[in-house]
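Place chain F on chain R using the hints.
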Amino acid sequence: MNPTFDYAVIGNSAGSMGCIEMLRSLDGRGSIALISEEARHVYSRALLPYYLVGKIDLEKMYYRPPDFYEQNRVTAILGQKAVQIDPDKKEALLANQERIAYGKLLLATGGQPLIPPINGLDKKKIFTFLNMNDVLEIEKALVNSRRVVVLGGGVIGLMAAEALSKRGLKVYVIELAGRVLAPVVDEAVSQLLEALFRENGVEIITKNTIAEINGGSSVTGVVLTDGTEIPCDMLVLAMGVAPRVELASQAGLKIDRGILVNGRMETSQADIYACGDCAQVYDTVAGVSKVIPLWPNAYLGGRIAGSNMAGGGRESGWTTNMNSMHFFDLYLITAGLNVSTDESVGLVNLVRLVKEQKYYRKFILREGRIVGLILAGKISRAGIFVNLMRSRADVSPFTGDLFNEDFGYWSIPEKLRWELLKEHIILGVVDGNDRT
Amino acid sequence: MERILIKPEVCIGCHLCEIWCVVAHSQTKDIIKAFLHEKVKASARVIVEEKLPVTFALQCRHCAEPDCVFACISGALYMDAASGRIVHDSEKCVGCYSCVLVCPYGGIIIDRENKKVIKCDLCQGLENPYCVSRCPNGALVYADPEKKGGVMDEPNV
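Line order of the protein sequences matches chains R and F.
Residue numbers for the first sequence, in this note's numbering: 1 to 436.
Residue numbers for the second sequence, in this note's numbering: 1001 to 1157.
For reference, chain R alone in the conformation it holds in the complex:
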């Protein structure tokens, strides 16, 4: 008989961990299997740039303690790819032909790197930047390299570029759009970033991409679409990730860009759930269904899936894009609609920029409520702004205060302040004093 588990999760990252930790908080007994094609203990992909730059060692890449699976009584099937799902028989087929029967299944299959349609990508010293193996290979190749081209000026590309630059390489970032980090930040922040990278010796080339790859067995350079030739001895492809949906697709699940799920993380197929970079969720701020390939979103999605898999009944609440990043000495935080600045749809932009201090703040308001923000430079207590967003608070009476570098609860008018803090404060302790 096939091994049978009450719960099976495919994937071994944030989503799976959120799910398993929630499952165990609700159901101490049910059997859990975790299936992962990578033969590694759960590690954090978000830490790859920190490892590459040398800030942390391999040990610290691990997201949970070494005995995590034992502690949570998880049967970890590592190094085995799930190749097929049979939703009728409720079985997952592994690459070694073993079949795992499940009661409830979570797909947390993540994303796969986008690969450009260029010839010559089979040459040596061309890498993606998504998993531990990629980074270990890059590390090996670093030793004899001097110049590296990074294709893609998004979050991953820029983080890779900074790390490689700090490892002593001359780095060229090639971005197809007119500016770096284009979907994540606005024009002003892109400019701050491009200046910052150039100050640090990194070349940023926009509105361009790679047309040809030069070299014999190894890459020796690239030719851009405008004819520019850049000699290099390494190429890193960091054009972003696409949801990994092959398993879901073959199993007949509904898919748009990612696997479609409802607020309970249920897919179109009974007893199959999905979360994280492979799933498409509802962005409650933007009002659209989309893939939100960010760590916290994956973990929270896993928690919600886990709750429902164990009969708990949680639904996702306020959900949107949120990002905390840093490049060289510049700290950046974004949330919600941070690029869309179409005032015709009732959005109001409040902006302050102090270029010399690399200080930037932008709030996007709709009907007096924050629906998007970008903070650069000063990010202390940013979560208070996010809390104002989440609670749909009317900030119009104190918009000027949003730009105070020491913004805090003190900056918020009393009635709203005490409402936001009501679970934590005791009012009415002084007779005759009615401040609320």
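Possibly wrong hints are sitting among the right ones.
In silico DSS-like pairs for lysine-lysine, Cα to Cα no more than 27 Å straight-line [said to hold, decoys possible]:
{"no.": "1", "chain 1": "R", "residue 1": "K60", "chain 2": "R", "residue 2": "K123"}
{"no.": "2", "chain 1": "F", "residue 1": "K1092", "chain 2": "R", "residue 2": "K166"}
{"no.": "3", "chain 1": "F", "residue 1": "K1039", "chain 2": "F", "residue 2": "K1116"}
{"no.": "4", "chain 1": "F", "residue 1": "K1115", "chain 2": "R", "residue 2": "K415"}
{"no.": "5", "chain 1": "R", "residue 1": "K55", "chain 2": "F", "residue 2": "K1029"}
{"no.": "6", "chain 1": "F", "residue 1": "K1147", "chain 2": "R", "residue 2": "K55"}
{"no.": "7", "chain 1": "R", "residue 1": "K81", "chain 2": "R", "residue 2": "K55"}
{"no.": "8", "chain 1": "R", "residue 1": "K55", "chain 2": "R", "residue 2": "K140"}
{"no.": "9", "chain 1": "R", "residue 1": "K123", "chain 2": "R", "residue 2": "K90"}
{"no.": "10", "chain 1": "F", "residue 1": "K1029", "chain 2": "F", "residue 2": "K1119"}
{"no.": "11", "chain 1": "R", "residue 1": "K355", "chain 2": "F", "residue 2": "K1115"}
{"no.": "12", "chain 1": "F", "residue 1": "K1092", "chain 2": "R", "residue 2": "K422"}
{"no.": "13", "chain 1": "R", "residue 1": "K140", "chain 2": "F", "residue 2": "K1092"}
{"no.": "14", "chain 1": "R", "residue 1": "K90", "chain 2": "R", "residue 2": "K254"}
{"no.": "15", "chain 1": "F", "residue 1": "K1029", "chain 2": "R", "residue 2": "K422"}
{"no.": "16", "chain 1": "R", "residue 1": "K166", "chain 2": "F", "residue 2": "K1116"}
{"no.": "17", "chain 1": "F", "residue 1": "K1115", "chain 2": "R", "residue 2": "K166"}
{"no.": "18", "chain 1": "F", "residue 1": "K1051", "chain 2": "F", "residue 2": "K1092"}
{"no.": "19", "chain 1": "R", "residue 1": "K55", "chain 2": "F", "residue 2": "K1092"}
{"no.": "20", "chain 1": "R", "residue 1": "K358", "chain 2": "R", "residue 2": "K170"}
{"no.": "21", "chain 1": "R", "residue 1": "K207", "chain 2": "R", "residue 2": "K355"}
{"no.": "22", "chain 1": "F", "residue 1": "K1147", "chain 2": "R", "residue 2": "K60"}
{"no.": "23", "chain 1": "F", "residue 1": "K1115", "chain 2": "R", "residue 2": "K60"}
{"no.": "24", "chain 1": "F", "residue 1": "K1119", "chain 2": "F", "residue 2": "K1039"}
{"no.": "25", "chain 1": "R", "residue 1": "K358", "chain 2": "R", "residue 2": "K207"}
{"no.": "26", "chain 1": "R", "residue 1": "K55", "chain 2": "F", "residue 2": "K1039"}
{"no.": "27", "chain 1": "R", "residue 1": "K60", "chain 2": "F", "residue 2": "K1119"}
{"no.": "28", "chain 1": "R", "residue 1": "K422", "chain 2": "F", "residue 2": "K1041"}
{"no.": "29", "chain 1": "R", "residue 1": "K55", "chain 2": "F", "residue 2": "K1041"}
{"no.": "30", "chain 1": "R", "residue 1": "K60", "chain 2": "R", "residue 2": "K140"}
{"no.": "31", "chain 1": "R", "residue 1": "K170", "chain 2": "F", "residue 2": "K1115"}
{"no.": "32", "chain 1": "R", "residue 1": "K358", "chain 2": "F", "residue 2": "K1039"}
{"no.": "33", "chain 1": "F", "residue 1": "K1029", "chain 2": "R", "residue 2": "K60"}
{"no.": "34", "chain 1": "F", "residue 1": "K1119", "chain 2": "R", "residue 2": "K55"}
{"no.": "35", "chain 1": "F", "residue 1": "K1116", "chain 2": "R", "residue 2": "K355"}
{"no.": "36", "chain 1": "F", "residue 1": "K1116", "chain 2": "R", "residue 2": "K358"}
Residues of chain R placed beyond 12 Å of chain F at every Cβ, according to the derived structure [said to hold, decoys possible]:
{"no.": "37", "residue": "L121"}
{"no.": "38", "residue": "K140"}
{"no.": "39", "residue": "T209"}
{"no.": "40", "residue": "H326"}
Simulated from the structure, these hints should not be mistaken for laboratory data.
Ideal placement from N, C-alpha and C gives every residue a C-beta, glycine not left out.
Showing chain F alone in chain R's frame:
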């Protein structure tokens, strides 16, 4: 679990909670040495919010649904299963500030020097949170808000 609850009306804005928080997180736990002699200065994990005449102290709320833990990319932040406290393992912290982004209370403080964060640990290892026991006017209390007959049911000090 026991939590620090805040009574803004009786806070006099003396900032002693910040002072004693520094002491509690110093090497020596001695107020003079902590401020004058220790090479690595401790920092306060409590912030006095101040818009006169209103003042009140705010620190990590040790949330039952901790957004910071869910957002942490390194596993440095976690909920201690036995106590329910939200613990920060500085060794694991890489300073990504995802927690700063999501903490609704602004309770996670950026440690610029070490490029990491610090937060309230409810004075782990000490007899009680110093900010509470050293507050001269009872503006912070340490109690379980869910317990019947707890501090939330007694509005008058």
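Please write out, lowest number first, the hints stated earlier that are contradicted by the structure.
1, 4, 5, 6, 7, 9, 12, 15, 18, 22, 28, 32, 33, 40
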